[in-house]
Structures are given as structure tokens and as C-alpha cells.
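Colleague: We have chain A already, so just place chain B with the ligands on it with the hints.
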Amino acid sequence: MSRTARPITVTVRRFDPGHDTQPRYERFEVPSSHGLSVLQVMAQIYEQSSPSLAFMYSCRLGKCTSCHVRVNGKVRLACSTIVDGDLVLEPVPHYAVIRDLAVDWSRPLVSRREKGGA
Amino acid sequence: MAWETLADEVLETDVLIVGSEGAGARAAIEAAEQGGRVTLLSKGNLGKTGATVTGDADIDVDSRSCIELWGRPGDPRDSVEAFFEDMVREGDYLNEQHLVWLHVTEAPARVKELTDWGAKIDMLTHAPGHTYPRGVWIPGTEMMRVLKKEVERRPIQVIEHVLVTDLLTHGREVIGAVGLRLTDGRFCVFRARAVILCTGGAMRIYPHTTAPQELTGDGMAMALRAGATLVDMEFPMFLPYIMIDPPSLDGVDFPYLLSAYVECHALNRQGERYMKRWDPERMERSTRDVNSVAAMVEILEGRGSPRGGTYLSLKHLPDNLIQFTAEWFPESFAHWKYGGFDMKAFIGDPTREAIETAPACHFWNGGIRINERCETTLPNLYAAGEGTGLLHGANRVSGNALTQTQVWGRRAGRFAAEHARGRPLGPIHEEQVAALRDRVFGPLERRDGMSPVELRRRVQQVAWAEAGPVRSGEGLARGLQACVEMRTQLPHLWVRSPNRVYNREWTEAIQAENMLENLEMVIRAGVLRQESRGSAYRRDFPQMDNERWLVNIDLWRERGEIRLAPTPVVVTSLTPPKGIFNYGFRV
Ligand SMILES: Cc1cc2nc3c(=O)[nH]c(=O)nc-3n(C[C@H](O)[C@H](O)[C@H](O)COP(=O)(O)OP(=O)(O)OC[C@H]3O[C@@H](n4cnc5c(N)ncnc54)[C@H](O)[C@@H]3O)c2cc1C
Ligand code: FES
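Residue numbers (the numbering used here), protein chains in the order written: chain A, 1 to 118; chain B, 119 to 705.
In isolation and in its complexed conformation, chain A is listed as follows (with noise of 0.2 Å):
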């Protein structure tokens, strides 16, 4: 199998609703290796360089959806999403972000027009 010897650079969106002002832009290295998938990477991250990352995931077989994130500035399930170079991770939008990566999903942020425009 082909293995590329550079390693991904990941920029991850990191906010801590209850502490911070403005979220930051956090840049990892991950070894880049075949068949990765993007949930791996932020597990990788998680495990070997920020254990503060919070994201979330459960069955890892694409069926639960609660790994949703914004890759690249698309929507993706972050389990069945294969790295294919440089990543921009972010929470999905439109739901409140519990902090960094991890979003309440019984909490849709109510759109303008539901509110009835403000």
C-alpha cells in the first residue's frame, strides 16, 4: 500500500464557550499513513499531543452520525472520511458547541428566519 512519507499539517478549531472570547486556530503534524480516516486523527491528536482536544464520535461505522465535523469547510462524518492531505477541522455549524469539536446535538441554534428575522 502507498504510504506517504510527509505528514499532514491539521488546523483545528479550539473554543471554550464558558472560558474563551474568540475561538483559536490550533495547527497539528500527524503522520500521514494509508487508509486514515479523520476521526483517527483526532483521536490521534487527542492521544499523543493535546488531550484537551474534545470532539465527539461513538460507533465509528458511519451509522451513528455524532461525529459529524466541518472538514476542509464541507460536513463529513469523521469516521468513514478518508485524509487524503492537509486538514481544517471545525464544529459543525447551526448546533451549540460544547467546546472545540463536540456540538450538542439536542441543541439546534434556532435560525434567524424560525425566530422570524432580527
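Do not take every clue at face value.
Below, a list of computed lysine to any residue pairs in the SDA-like style, where the Cα atoms sit at most 25 Å apart [as the list claims (entries may be wrong)]:
hint, chain 1, residue 1, chain 2, residue 2
1, B, K455, A, D84
2, B, K266, A, R107
3, B, K267, B, I277
4, B, K266, A, H94
5, B, K394, B, P246
A few chain B residues that face chain A, going by a derived Cβ cut-off under 8 Å, partial list only [to be verified]:
hint, residue
6, T167
7, P364
8, P365
Calculated directly from the structure, the hints in this document are not laboratory data.
Remember, it's a predicted structure, so these values are computed and weren't measured experimentally.
Quick reminder that beta carbons are idealized off the backbone N, C-alpha and C, glycines included.
Modeller: Using the frame of chain A, we list chain B with the ligands on its own:
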């Protein structure tokens, strides 16, 4: 009341249900029907956590009822009696038979409720182990969609992202639970008149598993610590041919399904089809226990693949035949897409390369001992679903776990609600709350120590090597020694980040103890059972011995020590055959 100052939040309810999925949601619906306050807790989000939503998913009902209830093409020769017999025979006669009878007779009404609530059913499948087709096809996502809707229609308080850490007791009575709000780190005391544990299995003690990451056997460990009896803990169930490479896909059951539809060859690193030594006639089509055990022997004897599995190969087949597979394989398999995974991108070309696979833990046959009312051995404590023992015996048939959640979830909801009615709340003991709080916050407050990730890995390594599908007396003794050593590390677990909001390492620190507790139970029961049966194979006792071992092994903790007692199996109508049998050939 001083204990209240120890809690960041106190909640009172009649029926407290821990675990929100197949069993928990069903219990909540029934308890709400009975009246009274019902609180449903989940480690994650309702419908997005636990095994139920991942179900592939057949839910068993006898074929005749399928015809009567939905007009489906079933087999009219089937009956609840035949279903009963299949469960007991496949369970190698360790099932408690009066529980099995309730199960098969209540299954039709429970699955009918799901369709009445709007669940769409697809085909009826005929899985191995069943004499007739019984698998009504309702994907886990569909089942949870319907159950969630029914929960939300009723006055049920749902609290998500709560990690329940322990039960509260007054003497032997269970009077509530304590837990951690994962989203903000608040410590909660839940007072309840009855508690139902629907927390699922402990598959995560193994490095390879099909189950979600949060299934760390918390409920079983809590029950053990509170003094309840558990049973059949030596029988975690494994599925063969689960992916282990790449690590991202560890646990994906794609090759297992592939092997059910196309003739695959299971190979060791010498290229040998090792199944010929186990079941020369059926080879890879043998039962899943035998396939798992055979693969594990290759792995343990050093004939495995680089990542510690065996190979599953299609290469003996012509390329165009393999390519065609990707077109006719049922459901989500077109063009090598499987459950959202683009398999070709992840694993390469299946016409050229074998897939590295291993047996993966898939289900927990044993668990908390319950009776027909879902009562545990502790007053006020109930349990249902996966993580309760006696129903499946030593091995479960396909599709029957989801049925279990519905039949037994409803029973638990009903009997717990009846029991809770008019009962006083139990008195909370300050020292107990203080001790449980310290256990939760200890890892966060320490300034140095051992990483929970490291301990989790060690538990998984020991579970795999010494307490997987293949065991030996020597290995189990080594495993036990390792458990004793790991236990000394628990007071040193240290969470590196002090952030209390959704701190994964903190959750892992709490789960690590539960994982260890479950591993120790598997090992201790495994040591005692000197034979091979169902999902547990002992190399030093390779036969199934119905003369000595038609027993369920009870397990409980007394003064810090785990005690074990073999108890004769409850037989009502199907008498187990006498004698000693070769492993893996159902009698
Ligand atoms: C991939 C896969 C496919 C399967 N396919 C099938 C199939 O086709 N047919 C079949 O019959 N069976 C199948 N099974 C088995 C079946 O899905 C499960 O046995 C069943 O769904 C278990 O339901 P449950 O409600 O008991 O537990 P789960 O669905 O596992 O739910 C457990 C709940 O407990 C919560 N919880 C756990 N610990 C805590 C805690 N400490 N505090 C708070 N909450 C907690 C979890 O968050 C979750 O809500 C499959 C299993 C897997 C893994
Ligand atoms: S973790 Fe469940 S869909 Fe990705």
C-alpha cells in the same frame, strides 16, 4: 443535610433509567405509561449512542407470527416453541428456560408495537442458527428514530451527556445514583424509588470490537460494586472476519458480511486455510464461534498477519466475478461502498489483496442476574437489555439482541414503575456521596500519575491475549495477575487537562476502572469453567462437558473480593443432552 453541599445538582424522580437506547427508551415508555416521574439518562445523545443505533439489523420474531402480523412471506411451520428450542440449543443449554419462554411469546407484540409506531420493515432474513426465517429487518437507525419519537411524546425527562458513575445504596437497597455532567463537569445526585440499568455491554475491553466506544460495561461494574450478582460473564461473544487494518476501520464488519455471500478463504501467514483443521466440511462457513476460535489460535501461535490477525482472501476467484460482487451484494454495497465507507479508498483493491481481519467482540451474553420481573438481587434495582445474563446462555442467535431490548425493556419499565409507586425515597449517606465524589474528581485533581489512555490500552491487551475467544488456565492466571497489578494503578490515574467541559480523558479515567472490573469478571468466571462452550474456548479443556458444567456461574463482590458460585441451569421443558461433546458442534 450536609450531603447536599457535595452535589452540584440534586434531582428526584420515581424511576431512574440509566441508558437511553433500545432497552432504556423502551423501559422509559412503559414506565411513563404506568404514571409517575421517569428520568432517562444517557452518556451521549438519545438515538446517537450505544449499540442499538448501529444495528444492521434483524429483530427476531417467529416466522408464523410474521405472517400473521405483517403478512410477510415467512415459514408457517415455525412456532414460538421452535424459536424457543433454537435459542436454547444455540445457547448450549445455559439459558434460563422460563425467561426464554417469556421472550419468544412476547416478541411478536413488542415488534408489532414498533411497526405500529411507524417503524418501516423490510425483508425477513434467515440467519444461521435459526431453523426458520425470523429476522424482521428494521435498521437500528429506524428503530431509534421511532423510539425517540415515542419517548419525546411522553412526559419523560431526558438528560443527555451524563456519565453515571455509581449507584447510591442504603444497606442493600438501591436509592439512586451519582453521575457527572459531561458538558460542564457538574456532579449530580439522582434520588429515585427504582433504578433500571440499561447500559449495554463491555465490548470495549477488547481492542477489536464492532461496538461503539462508550460501551465499557459501566452498568455491570456499578452493579458489582453495589453488591449485585452477575452471571455468565465468561461469555463475551465474538464475530469473525472483522477489519483490523487500516486502524481507522478497526471493527468494521465488511469482510464478515462478504464471507456470508461469497466464498472467501481464511488464511494464516503461511497461506494455509486453517479452517480445515477445525471444520473440514464447512470450512469458513462453519459457525461464527468456531471461525473466531480457529483464527485466534493462529494469532496466538504466531501464524497471524502483521497487525495480529489472519487474512481473508478473494484472490482465488476471477477478477470479473469479484467485481460483479460489488454490484449484486445487497443494500449499501454497490461499487465497494459500505456504510458510507469507500472501501477501495480505504483498503485498496480486493481482487489483489487479502483483508487483515480478526475476531472482534460483538456482544455481551452475560451480565446482571435478573428474574422474570427484571429485578436484580438488590432491592429497587432493575436491569434490562444487553448486559443482563441468562437469556442467551453461552451464545446468542442473530437478531435476538434487539428483540431482547424490547421485550425486557418493557418488562423492566412496568415492574419498576409498579414498585416505585408510593415508596419513600431512601436516605442518602453523606460519607458515601463524599467517597463517590472523590473517586470522580481524584484523577482531575492529581498533579501527576498514569494516563487513562495507557491503562485502557493495557486492559485491552490483557483481555485480548488472555481472555479472548481462546483461553488457557495458565493464560487466565497471567490475566488475573495483570488485573491485580492494574488495580494498584487506579488511584494514580491522572487527567492531564483540568478542563471540566467534555474532557475525554476524564471520562476515560472513570471508564478504565469499569473496564478493569469487567475484565476481572470475565477472567474469574473463565478460570472456574473448565470446559469449552459457546463463545468461550479453553485450550486445556477443549470439550463441552454436560456432566459437570451445565451451570451458570454467579459472581458478586463481598468485602472487596469477587466470589463465584456455580448454580445449576433452570430447565423447564428442553432437557439438555447428557455427555461430553466436541466443541462447536451443536447438539
Ligand atoms: C455493529 C452492531 C450490529 C448489531 N446488529 C444487530 C442486529 O442486526 N440484530 C440484533 O438483534 N442485534 C444486533 N446487535 C446487538 C444489539 O444492537 C445490542 O445488543 C442492543 O442494541 C443493545 O441495546 P441496549 O439498549 O441494551 O444497549 P445500547 O444500545 O448499547 O445502549 C446503552 C446505553 O447506555 C448508555 N450508557 C452506558 N454507560 C452509561 C453510563 N455510565 N452513564 C449513562 N449512560 C450510560 C449509553 O450511552 C447508551 O445510551 C448489533 C451490535 C453491534 C455493535
Ligand atoms: S462515529 Fe458514528 S457515524 Fe461516525
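Colleague: Which constraints among the numbered hints does this structure fail? Numbers only, ascending.
Modeller: Of the numbered hints, all hold.
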